[in-house]
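Chains P and G supply the protein sequences, listed in that same order.
Going letter by letter, the first sequence gives residues 1 to 636 in this note's numbering.
Going letter by letter, the second sequence gives residues 1001 to 1058 in this note's numbering.
Treat the hints with care, since some could be wrong.
[To be verified] Coverage of chain P stretches by chain G, computed from C-beta distances (three or more under 8 Å per stretch; other residues unrestricted):
(1) 43–55
(2) 69–82
(3) 123–137
(4) 439–449
(5) 596–607
Just so you know, these hints were derived from the structure itself, not from any lab.
In this text, all values refer to a predicted model and were calculated from it rather than measured experimentally.
Glycine is no exception: its CB is placed at the ideal position from the N, C-alpha and C atoms.
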Amino acid sequence: MSVASCPSCGAAVEFAIGSSMVVVCWYCRTLVARGDRGVEDHGKVAALIDTGSPLRVGLAGKYGKAGYRITGRTQLRHQAGGVWDEWYALFDNGAWGWLAEAQGRYYVTFPAGKTAPPLEQLQLGQRIDDLVVSEIGRAALASAEGELPWRPAAGAEYDYVDLTGPNGAFATFDYSEDAPLVFEGRETSLRELGVAGEPSHETRIAAAKIACTNCGAPLELRFPDLAERIFCPSCGTGYDVDQGKFRPLGTMRKTKGVPEPVIPLGTTGTVDGDRYVVAGFMQRSVKFDIVYYWTEYLLWNAEKGFRWLVHSDDHWSFVTPLRAGDVTDLGNALRFNGKQFRVFQEATARVSYVLGEFYWKVEVGETADTTDYIAPPEGLSKEVTTSGAQEINYSHARYATPDEIESAFGVSHLARPAGVGPMQPFKGGRLGVPWAMMVALLIAAAIALASLKPQRTVFEGSLDIAGAPPVEGGPANARIIFTPPFELSGKNVAIEGSASVDNSWLYAAGDLVKESTGALNSFELPIEYYSGVEDGERWSEGKQQRRAYISAPPQGTYVVRLEVQWPEGGTPPPLFMRVREGVFRWPYFIAALLLISVPAVFGLIRQASFEAERWKDSAHSPFGQWDAETDEEDEE
Amino acid sequence: MIRGLYVLFALLVIGGYAYAGWTGWEMRSTMRGYAPQGVRGTHAGARSFWYTGYRGGK
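The shape of chain P in the complex, shown without the other chains (with noise of 0.2 Å):
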């Protein structure tokens, strides 16, 4: 420990810890750093900013193995205006770590060793091994407190680049330094940093409530500490908001057509079991051939932090912020969480008008470059920012309906969608699995049914016609056979007659005969084959082979009785008779095949149809090209 005279005030300052550079003065905030010949004056910073949060100089905790003890904090300020906290831990084993928070979120990074990139080379969504480039901006020191283990200097802005990795991997690379670090780590939580015992986040702006001083409606702050603006919900005043103070902005122009909110500002609601209070509403717009709005509700949840409830067209969506580590990009898709997303829709969205409360400076006419992609019932939004610092985010989304909505809000009389929403799931039921589910039952039935019942052939054989006696008081054209007896087991039967006749005719009205009751199944085989030529081209109609089949008789010993007949004055040729049982039917297969395809095809006829409506107004449709140009030139 070495003790120190603030070069500027010349109050007593404490280098406690061996290793460290700079000590900020308790007295004057002056930056007293170690030099060569004793101490130096880096110039003052200004007063902390009151973030609230849990964690404070002296305040030790447990990361993993490793004990540390937090030195010091600096407080940087974000070029949309936010202030974050970035915490110096000494570790147990002499080593530095930075807990970085902001948002509510906490983020541990250790040095690597290793020298950044140049900057310039960088871009946003660039992936470096498993990272993904999120961010790319400029910190001012805003102030700072305690041993520090580097040098900064009051006022002094830095570039920096964050970048996001899959399962919360996270790293830094500073460009403070002639040579930029790397600092690699992960988000972590108030639970692995051995200090949850602390609260979350400690809302020390209590008397954040005015009165609009345009309209003197009350305005009150959700979230004091994180705010950075709000719009009076009654006459649009904007307020830049600071640490609980309120700096008038002006007055947004109130014109025709400008949404009210659906859910009042200050309601409260419960999405998937997390209660979080409606702070804010903006409209947004695209333009394409027409301007196209839909609005966004900030919600707010201490423990969870903010959300989006998306509303357009009448279809709602529950959004939900993501790290960009855990987004690949694939290009003309998206996969998060083991899933694809295609992309649907790409534009410049506008914020066209806001109302309510911010955790950054919105403003009307705010623009960010926005790529949705869908995987219905959910989708992904990238939004890429290039004014100010640059910053990629992503966001779930899952469809709602105006019926969840309504509950979760305690809202009623919602409008119902008219059209299909691009997350909107469709409810015809999908039916491709259970068809093909049901199609391998009906295989698997008749492959069972084939085995169990196999075919067999109990009569086959030629029967001479001609050398059959003639019936006595018939015509001389007709003639009684029988078959030789046969067993039957209790199957379908099949019978089947051919005959070589060449046009001309033999019909067989036949009889499948019980011998021991005499119960008998008629049937008809009339065989005719008739061919030729006219007008150069061959002809031919009838068969000379016909088939009948009969219901399963009972087990027993069967006859086929025949009364042929075949034409006047001629000689019938020899009749070739089988007789099966057990047949496989495939016309009832393909009969059965079709009554379970028929609904599954009618499905899918209306799922194409509700997927043509979905992307109707899609860049990327899969069901035909939507030509944005030509309709900028019909505008035109």
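Since the structure of chain P is provided, determine the placement of chain G on it from the hints.
Showing chain G alone in chain P's frame:
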């Protein structure tokens, strides 16, 4: 809901198919009756009429 209804319908169809296959049921009914005694012993028609009307398809 629709999936459930579809599966129920398909199971009925498959059940009907399996029943028909198992029992040997045929859709086209054949004329059933009893042949007179000694049907094998006579060459006279067992039918109530002698079919003389058929003359083929041409």
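Hint-by-hint comparison with the structure:
no., hint, result
1, 43–55, "violated (count 0)"
2, 69–82, "violated (count 0)"
3, 123–137, "violated (count 0)"
4, 439–449, "holds (count 6)"
5, 596–607, "holds (count 4)"
Hints 1, 2, 3, counting from the list given before, are not met by this structure.
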